[in-house]
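Trainee: Take a look at the letters that make up each chain.
There are 4 protein chains.
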Amino acid sequence: MQAATLHQYDKDMNVQLKLENVPSPTINAPDEVVVRVGAAGLCRTDLHIIEGVWRDTMDPEGSLLPYIMGHENAGWVEDVGSGVKSVKPGDAVICHPLRSCGICLNCRHGEDMYCDNGVFPGLGANGGFAEYFLTTERALIKLNKNVVPVDVAPLADAGITAYRAAKRAAKLLRPGTYCVVLGIGGLGHIALQCLHELCGTRTIAIDRSPHARELAKKYGAHHILDGGPDVIEQVHELTGGGAHVVIDFVGELGVENICWKMVRQGGQYFVVGYGGKIEIPTIHMVINEIQVGGSLVGNFTELVELMELNAEGRVHMQSSQYALSNINSAISDLKAAKMVGRGVIVP
Amino acid sequence: MQAATLHQYDKDMNVQLKLENVPSPTINAPDEVVVRVGAAGLCRTDLHIIEGVWRDTMDPEGSLLPYIMGHENAGWVEDVGSGVKSVKPGDAVICHPLRSCGICLNCRHGEDMYCDNGVFPGLGANGGFAEYFLTTERALIKLNKNVVPVDVAPLADAGITAYRAAKRAAKLLRPGTYCVVLGIGGLGHIALQCLHELCGTRTIAIDRSPHARELAKKYGAHHILDGGPDVIEQVHELTGGGAHVVIDFVGELGVENICWKMVRQGGQYFVVGYGGKIEIPTIHMVINEIQVGGSLVGNFTELVELMELNAEGRVHMQSSQYALSNINSAISDLKAAKMVGRGVIVP
Amino acid sequence: MQAATLHQYDKDMNVQLKLENVPSPTINAPDEVVVRVGAAGLCRTDLHIIEGVWRDTMDPEGSLLPYIMGHENAGWVEDVGSGVKSVKPGDAVICHPLRSCGICLNCRHGEDMYCDNGVFPGLGANGGFAEYFLTTERALIKLNKNVVPVDVAPLADAGITAYRAAKRAAKLLRPGTYCVVLGIGGLGHIALQCLHELCGTRTIAIDRSPHARELAKKYGAHHILDGGPDVIEQVHELTGGGAHVVIDFVGELGVENICWKMVRQGGQYFVVGYGGKIEIPTIHMVINEIQVGGSLVGNFTELVELMELNAEGRVHMQSSQYALSNINSAISDLKAAKMVGRGVIVP
Amino acid sequence: MQAATLHQYDKDMNVQLKLENVPSPTINAPDEVVVRVGAAGLCRTDLHIIEGVWRDTMDPEGSLLPYIMGHENAGWVEDVGSGVKSVKPGDAVICHPLRSCGICLNCRHGEDMYCDNGVFPGLGANGGFAEYFLTTERALIKLNKNVVPVDVAPLADAGITAYRAAKRAAKLLRPGTYCVVLGIGGLGHIALQCLHELCGTRTIAIDRSPHARELAKKYGAHHILDGGPDVIEQVHELTGGGAHVVIDFVGELGVENICWKMVRQGGQYFVVGYGGKIEIPTIHMVINEIQVGGSLVGNFTELVELMELNAEGRVHMQSSQYALSNINSAISDLKAAKMVGRGVIVP
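Residue numbers (my numbering), protein chains in the order written: chain A, 1 to 347; chain B, 1 to 347; chain C, 1 to 347; chain D, 1 to 347.
Misleading hints may appear alongside valid ones.
Which copy is meant is left open, so a pair is good if it fits within one copy or across any two.
[What the hints assert, rightly or not] Within a straight-line C-alpha distance of at most 30 angstroms, the following computed DSS-like cross-link-like pairs (lysine-lysine) qualify:
| id | residue 1 | residue 2 |
| --- | --- | --- |
| 1 | LYS171 | LYS217 |
| 2 | LYS142 | LYS85 |
| 3 | LYS261 | LYS171 |
| 4 | LYS11 | LYS261 |
| 5 | LYS217 | LYS335 |
| 6 | LYS261 | LYS218 |
| 7 | LYS338 | LYS11 |
| 8 | LYS277 | LYS171 |
| 9 | LYS145 | LYS218 |
| 10 | LYS88 | LYS145 |
| 11 | LYS218 | LYS171 |
If you're looking for bench data, these hints aren't it; they were derived computationally from the structure.
Produce the entire structure from the sequences given, and follow the hints as far as they go.
Mentor: This is the structure we're talking about:
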């Protein structure tokens, strides 16, 4: 089958994915499933993988190279292992990004992404930028009727990352409160929609890009700011003392030290984007009693919930399609910020 | 009446409180109560007040000086305003440190210490290092039978600060988890006892002082460490991957950047002590999905709960008594770390 | 002033309210407030009060008669006691139905309606079917700009009863779940709107009346059933095993023993209406691990939240106006089910 | 191997289990595990199984007979399927009573006992009153060092049923509250210990049997009542208005309609025992805003937590041993209430 593989990490990102013919995956364990890829989302994390940002954590020796990238996958079941009961060939499915064991205590608590034995296809194991993709039964969710893989693939990772942050925020947000969403891109526009579905808060979307602010408007943000130099004061004035929750999809470039200053006493800052360093005096944390928390990709049940919202037309994903053979153009467009919505690779 | 007043802030802490005769407080509003002071706790925050650490927040002009210090007060009701119904002269009481309005939304949510109209006696208003002390009905809790003011005064602030942190931690801690308590002094020894009462976690007490480690042992810490240079590794090994919660009563001197490294994936770091600056890469926060939160003094209902635990003999406060006339010796002992347990000033 | 007073309880409801001239209320305590009534909602509970249903609980001797009825009040501040700081004459306000003390532990936990010293005007104390109404500062919420008393008065009791049930339900309802709302009248249509704002569940509205089903449709119920004899099976089929939550605004006439049969394993039944008796075998409760809970009028902060949703146009109250002089016609219409939406009495 | 099998249901319980030689179980699927039984608890549910109480739900045709009974099993791993990674032959283990799929949404939420594909050995499938027992990897928890199967087998079902109820209660119980535990037998004495570990409430143990009250005393109940005719009034007086939570391990014989009358406004009644019928007027539920909820056997992670408390010496199980060949004597003793603590069958 045709696949796009990564052969080396490159800090400067001059390297390209190699389009090559490789053997299709086959079933080797009773819980495995081969999925015919319908679409695979392209993610900013893919850029970071190529740059080697994740190398220390996931592949310190570089010994896992080469591998097929692509961790946001949807398609149709092609073949199943002997123990698989919940899906059958032909079923349209979306794939949770982690292959989790279902046995360890983290899995038992439902936090698949903490799985002691987790495998993350597309990062050290073969992913979905290919015609076929190998995963396990525990990763699969059947699509609702009338939902097609190409429309939903990026929900598998970008979508549930935004959903998880929004859901954690929603638990803290009563009617009359304010929630800042900073960065209205592929994740931010999902978070906005999820917040509006999950709670009665008022949203404040912040982005420097006029295009992103358009997106915020389209998805019903209650207030929209352009992230100028006085954004902290603007938020304090608008909210009467600070936002109850701030969700930060940037997490670098100094934004991470603007965000916690927007939070009111007793409030919460969720950081989802990464790259920067948070610096907070402990006296500020104590007097204001604020919380600062990282937020990771969502778990399996969160993907189930997001797929329901999507199937009911409550949460949409903006995307642009690229053929698998054009994947390196897609990567260039993503780097150059020329992509409209999420990029989706179609084999 | 005799009282100990602060006349100027002094960064070097050479200033002493002035013992002088001042008029006793009187009732001027229907909800006010005059308390005959039985005891008033001396707190590390008192040192910070004298140093002027709180000046910018609470008294930027210095115009509130002079005032009587003392914010951990217990005693007997002496006189009540016309609207007071829940206490009467002679009742033994402990005083929540804040005079809160009961009307603003923060009060309505039970978070008295966020009160929009709060007054904090002992910091910009007259406190309890005196024979009589003025507060309001909403601040008062009647003591259970057989409980005397001198045994409980420091619970009013130090106690509920530790209790609140322990209670927030307990909500996150199932049996089989680990909770680090760093700093086993006046607050830490209360937090240990509260954790043992409120949940089934295992506690790890950390302190460099042998005396503090003795205290940890006395109060049943399950593991005790001396906070040496490899403390992070020790905690990771003991816990199999990091503590589920870390409560930090130091919050400065570099401890604040050791603590978050002790936390396991999905875990929580509560910072209660202050003075330092937390510096965390956002990628660490996201990959490990940890939370870092400040924790403030407890609210009124938390003081009620702590008083019940204390009355039932489940939580004890260690203390040393000083006469009001010796308050400056008490302050010297606290500065020199010569005090055993909390200092309690008795008029 | 003119007022509508109840002079005797009457099981058969032949009694009418007496329109008479009585002295206007005056300020007698520092926290009291006189409100010029803009509108007062008429409630099914008013019928029950006249019938004497609440007599045993609230007025066993009948010694509190006569009193002015009306417990859903909104208007403008006319006069304030010496201690009142948060409102001033001329402010438009809505009145939480309970005068709570703010001192007892129930108030401190925010559950004003459990107040140890609560007074409920309109039931044993003078209410708002009059030109002026006496309450206390703690009961008042200032109206947002552009909100007028006549549009919101019934939110003060009917509204927050529905809101509280919906909020408790929303905490249990993830996207993909189902929530039954049974009885789409004055409370049910508010509950539907609140559910849609507070969580991502799917709603199933059930009512025997075609008019009520119209209302359900107008307010966006996802499924609408007519409550026929096979309603339990219909719900099980629609939901694939039972509703996650059922909210019952009837609570009598056998409905109360239909509702718990609609709940799936692990689900919740909230009963808001009353009059009947629930009979459940314990083995059914245990095997299915269902919860059955009463839900009362909301607390003060819940009214604040509902007023925000209302001011933002997210939750509307349907109503019909009657002059105070026509209050007995309004009562007749309510009894005869001829009223469209909630009845609102305007002095 | 030797095994005790049930060949027919009998309402009058004259039937005995048949001791016979049957083939030992063997591995037929990659996730299966054969356990050499160390001990198997005997449970009141076993009596109900023999009586046919569960027949309608679990075996309406009676077509599953005969089968080996016994659903509280602990022992040593004897053999494992090809996919099993977390245990190996020789490991000492306790078995969660349900074989759950790990794939359905209920399993993903951690509620194994709601599993869509669950099998309950000992009730329609072969259980552990035998030398060997077949289960699956997902049901197994390795025992901590120094813990032996015979000491813990009944924790597998009786233990986690009590633990789950206590844990749900503990979430509602602050210091200063009261929790009634009604029925201090095999489950009740575990619930008492768990409550004392999990929260700072005060416990009130109620039992008519002097022996049970002794047990309550041994395990530190704060108050002990004999369940006489004025028990409702006693509880109201002791608690100042009713218990915050009542846990009922009887659930029949009228006890179920005494329990909800002991609950204070805003409180909760958990019913664990079964056989009776709860009858509550809806007006009582609404005015008092009480909740009534069934509580089932605990899930896997709850068993993990309970095993930690047990290994640390915080929760003990009282038991009496019987040889497998004497199982019918054990059943007679249980029926005649002659058994001290839980009965444990040792093959």
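Trainee: 30 angstroms Cα cut-off: does LYS261 pair with LYS171 within a copy, between copies, both or neither?
Mentor: Both: 21 angstroms inside a copy, 27 angstroms across copies.
Trainee: Using 30 angstroms as the alpha carbon limit, work out where LYS218 and LYS171 are close: within a copy, between copies, both or neither.
Mentor: Cα proximity of LYS218 and LYS171: in one copy and across copies (24 angstroms, 28 angstroms).
Trainee: When no copy is specified for LYS338 and LYS11, does a C-alpha distance of 30 angstroms or less occur within a copy, between copies, both, or neither?
Mentor: Only inside one copy: LYS338 and LYS11 sit 21 angstroms apart there, 56 angstroms across copies, limit 30 angstroms.
Trainee: I want to check one pair: LYS88 and LYS145. Are their C-alpha atoms no more than 30 angstroms apart within a copy, between two copies, both, or neither?
Mentor: Within one copy only: 16 angstroms inside a chain, 43 angstroms across chains, cut-off 30 angstroms.
Trainee: As a check of your reading, is LYS277 near LYS171 (CA-CA no more than 30 angstroms) within one copy, between copies, both or neither?
Mentor: Both: 26 angstroms inside a copy, 29 angstroms across copies.
Trainee: Using 30 angstroms as the alpha carbon limit, work out where LYS261 and LYS218 are close: within a copy, between copies, both or neither.
Mentor: Answer is within; shortest intra-copy Cα gap is 27 angstroms, inter-copy 41 angstroms.
Trainee: Could you place LYS145 and LYS218 in one of the four classes (within, between, both, neither) given a Cα distance threshold of 30 angstroms?
Mentor: For LYS145 and LYS218, both the intra-copy (26 angstroms) and inter-copy (27 angstroms) Cα distances are at most 30 angstroms.
Trainee: Within a copy, between copies, both or neither: where do LYS171 and LYS217 come within 30 angstroms Cα-Cα?
Mentor: For LYS171 and LYS217, the Cα distance is within 30 angstroms both inside one copy (24 angstroms) and across copies (28 angstroms).
Trainee: As a check of your reading, is LYS217 near LYS335 (CA-CA no more than 30 angstroms) within one copy, between copies, both or neither?
Mentor: Within one copy only: 25 angstroms inside, 47 angstroms across.
Trainee: Using 30 angstroms as the alpha-carbon threshold, which applies to LYS142 and LYS85: within, between, both, or neither?
Mentor: both (12 angstroms within a copy, 28 angstroms between copies)
Trainee: Between the shortest in-copy and the shortest cross-copy C-alpha distance, which are at most 30 angstroms for LYS11 and LYS261: within, between, both, or neither?
Mentor: Close across copies (27 angstroms), not inside one copy (32 angstroms); limit 30 angstroms.
Of the numbered hints stated above, none is contradicted by the structure.
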